[in-house]
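A.B. asks: Each chain, letter by letter, is given below.
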Amino acid sequence: MSTLQFLADGFAVALQWQNLLFALVGVIIGTAVGVLPGIGPMSGVALLIPVTATITAGLPTEAAATSSIILLAGVYYGAMYGGSTTSILLNTPGESSSVVTTLDGYQMAKQGRAGSALSIAAIGSFCAGVVALLGLILLANPLSKLALKFGPAEYFSLMLLGLAAVSGLAGRSITKALIMTVLGLMLGTVGIDAVSGIERFTFGQPMLFSGIEFLTIAVGLFALGEVFKTILEKEEEDGQLAKINRVLPTKQDLKDSAVPIARGSLLGFFIGVLPGAGATLASFFSYITEKKFSKTPEQFGKGHIAGVAGPESANNAASGGAMIPLLTLGIPGSGTTAILMGALIMYNIQPGPLLFDEHPQVAWGLIASMFIGNLMLLALNMPLVRIFAKIIETPKKYLLPIIIAISIFGVYAVQFATFDLFLLVACGVLGYLFAKNDYPVAPLVLALVLGPMIENNMRRALTISNGDFSIFITKPLSLLFLVVAISWLLIPLIMKIRGKNVLINEEG
Amino acid sequence: MSYTFDKTFSITLLALSILFIFQATQISDSAYGSTVGPKIFPLGLGIILGLLSLQLFYESWKKAVRERVTGGPTTSSKISSTELKKFLIILGSALAYVFFLEKIGYMITTFLFLCISFQTMERTKLIYSIIIAAGFSLGVYYLFTSLLGGSLPSFPIF
Numbered sequence: 001m002s003t004l005q006f007l008a009d010g011f012a013v014a015l016q017w018q019n020l021l022f023a024l025v026g027v028i029i030g031t032a033v034g035v036l037p038g039i040g041p042m043s044g045v046a047l048l049i050p051v052t053a054t055i056t057a058g059l060p061t062e063a064a065a066t067s068s069i070i071l072l073a074g075v076y077y078g079a080m081y082g083g084s085t086t087s088i089l090l091n092t093p094g095e096s097s098s099v100v101t102t103l104d105g106y107q108m109a110k111q112g113r114a115g116s117a118l119s120i121a122a123i124g125s126f127c128a129g130v131v132a133l134l135g136l137i138l139l140a141n142p143l144s145k146l147a148l149k150f151g152p153a154e155y156f157s158l159m160l161l162g163l164a165a166v167s168g169l170a171g172r173s174i175t176k177a178l179i180m181t182v183l184g185l186m187l188g189t190v191g192i193d194a195v196s197g198i199e200r201f202t203f204g205q206p207m208l209f210s211g212i213e214f215l216t217i218a219v220g221l222f223a224l225g226e227v228f229k230t231i232l233e234k235e236e237e238d239g240q241l242a243k244i245n246r247v248l249p250t251k252q253d254l255k256d257s258a259v260p261i262a263r264g265s266l267l268g269f270f271i272g273v274l275p276g277a278g279a280t281l282a283s284f285f286s287y288i289t290e291k292k293f294s295k296t297p298e299q300f301g302k303g304h305i306a307g308v309a310g311p312e313s314a315n316n317a318a319s320g321g322a323m324i325p326l327l328t329l330g331i332p333g334s335g336t337t338a339i340l341m342g343a344l345i346m347y348n349i350q351p352g353p354l355l356f357d358e359h360p361q362v363a364w365g366l367i368a369s370m371f372i373g374n375l376m377l378l379a380l381n382m383p384l385v386r387i388f389a390k391i392i393e394t395p396k397k398y399l400l401p402i403i404i405a406i407s408i409f410g411v412y413a414v415q416f417a418t419f420d421l422f423l424l425v426a427c428g429v430l431g432y433l434f435a436k437n438d439y440p441v442a443p444l445v446l447a448l449v450l451g452p453m454i455e456n457n458m459r460r461a462l463t464i465s466n467g468d469f470s471i472f473i474t475k476p477l478s479l480l481f482l483v484v485a486i487s488w489l490l491i492p493l494i495m496k497i498r499g500k501n502v503l504i505n506e507e508g
Numbered sequence: 001m002s003y004t005f006d007k008t009f010s011i012t013l014l015a016l017s018i019l020f021i022f023q024a025t026q027i028s029d030s031a032y033g034s035t036v037g038p039k040i041f042p043l044g045l046g047i048i049l050g051l052l053s054l055q056l057f058y059e060s061w062k063k064a065v066r067e068r069v070t071g072g073p074t075t076s077s078k079i080s081s082t083e084l085k086k087f088l089i090i091l092g093s094a095l096a097y098v099f100f101l102e103k104i105g106y107m108i109t110t111f112l113f114l115c116i117s118f119q120t121m122e123r124t125k126l127i128y129s130i131i132i133a134a135g136f137s138l139g140v141y142y143l144f145t146s147l148l149g150g151s152l153p154s155f156p157i158f
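Protein chains in written order, with this note's numbering: chain A, 1 to 508; chain B, 1 to 158.
Hint data in this document are derived by calculation from the structure and do not stem from the laboratory.
Please read these numbers as outputs of a predicted model, since none were measured by experiment.
Watch out, some of these pointers could steer you wrong.
Keeping only pairs whose Cα atoms sit at most 30 Å apart, straight-line, the calculated DSSO-like set for lysine-lysine is [what the hints assert, rightly or not]:
no., chain 1, residue 1, chain 2, residue 2
1, B, K85, A, K396
2, B, K39, A, K229
3, B, K62, A, K436
4, A, K436, B, K63
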């Protein structure tokens, strides 16, 4: 079957009524998550995994996986869009990926052009979503064909590359990022070893036999960690909500932003495909590029529409691009995609080159639903932007305890064990401490997801080579991955020593 | 930012890595004659973590010294005691919630937890807090058990 045929099947899956509903709910919740400061895309997605797992419990596994991944992906790109709303209206970015949008977006709102800024952001996000989708369709088949030729040694090195990329860009200190990565890998070794059936680090406790549940750790570190942070560090209530006069952009605005949207989409897409570099970096790069290409660079920072259109397209394109390594290679490049991967694995569906052969319904259904979801976002956000802006007024008094209650309910509904709940609360406290002291949490979660696979591939490769470690450097592709991995860690280090500023990706 | 956290954490990590390495050597070997058993990977991780914790200790020590010399920025975002008290009450009630969940049921514990935390966050409008807490706990329970067919501990088992 050709790619087009698969895509058509994908649309057939995505257009089933329950999947349309899931996509709709996903993008609405995602937009809300994006608007609310305090919950980012990562904690939003982590928080919804148990909820979707219970909702889809009645469906057959594959359909359940498709529906829930459609919802979760909707949350992911919905949040990317929602973050821009508060940047423009309140000068408070809902996510780190829309920090740049505040520069020109808020200025535009002050001039009474909030409506144009918001709708350009929506249109830009939509175009970016379509570009990412086209990229996904074009690259999915060749990449997964290539990945099928990989042996265990290549996989091992590729996964190390993924980890190195995320750690290298994750925080201010590479040492801290690496520590978090190793801690994640260590957590992954707890439980019964899949190859030999021997128990490791369980101390005879039966609840540790199946390993430490990724979901508990992710919800604890991200969702609870952020809640605790908001309780402890009171943020100043700021700013008047800017008024929205007209929602549709003027012809001049559309003309001015067409090229930045196209550039931002392409740039964002390629940055998104790279592991480690995510939406935040993409939006920064796009802003810098637009400023460089603009005929009137002095207008930037004073409400130039290109300063909204470019970065907003870039961050959405990046979140679409980040799906490519996840779906085709089985290697998540960021914290959020690591969580999506964990969700797929919970349904016993292994992302990677075989995904397109074994579960075309899941892969292509998701791809098609991303297109539909983006369309929904555009249709929803133009008329409903005023309502979404209201979400920011939800009192924290009720919001924060309810997030705790949802986390506890969600983990209990999936795990049925009080042990996991205690672990959840402990992870929440740790998540706060880590974030406060600049320890990036995303590498830990990524390592926890990838850890068992890295170990299995390493041992398989070593079994092939009879315990000879040189197999990792004698295979050319594997060597290439390792060299790239090492340079990913070393180059920022060298640049730092030379006193250059290194852009870091805080969103993960 | 405090470097004391980094220092304490690095020492904790070092202890953890030693413990981890020790535990890893206790893992029994594979039953069959595979060259790479379940030991190697954890052992390697333990060693790497040990090295990284030393590096972290060195880095934080160096920064602490540099700050002492320059008298540099020691401004850390102080958490006010009222916020800390709020946090501790909510954390404590979350732990109690988790502890009693299976013993006295989902609805009662959730309701109590939400009431306490709502009122801790802001001591106003008790009646709203009670309504929202009751709505959430009943709503989640009935949606989950009757519509989705899940099971939650319902009422105290006496």
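A.B. asks: Each hint: holds or not?
C.D. replies: Do the hints match the structure? See the list:
no. : hint            : result
1   : B:K85 to A:K396 : holds (17 Å)
2   : B:K39 to A:K229 : violated (38 Å)
3   : B:K62 to A:K436 : holds (20 Å)
4   : A:K436 to B:K63 : holds (17 Å)
The structure is inconsistent with hint 2 alone, although it conforms to all the rest.
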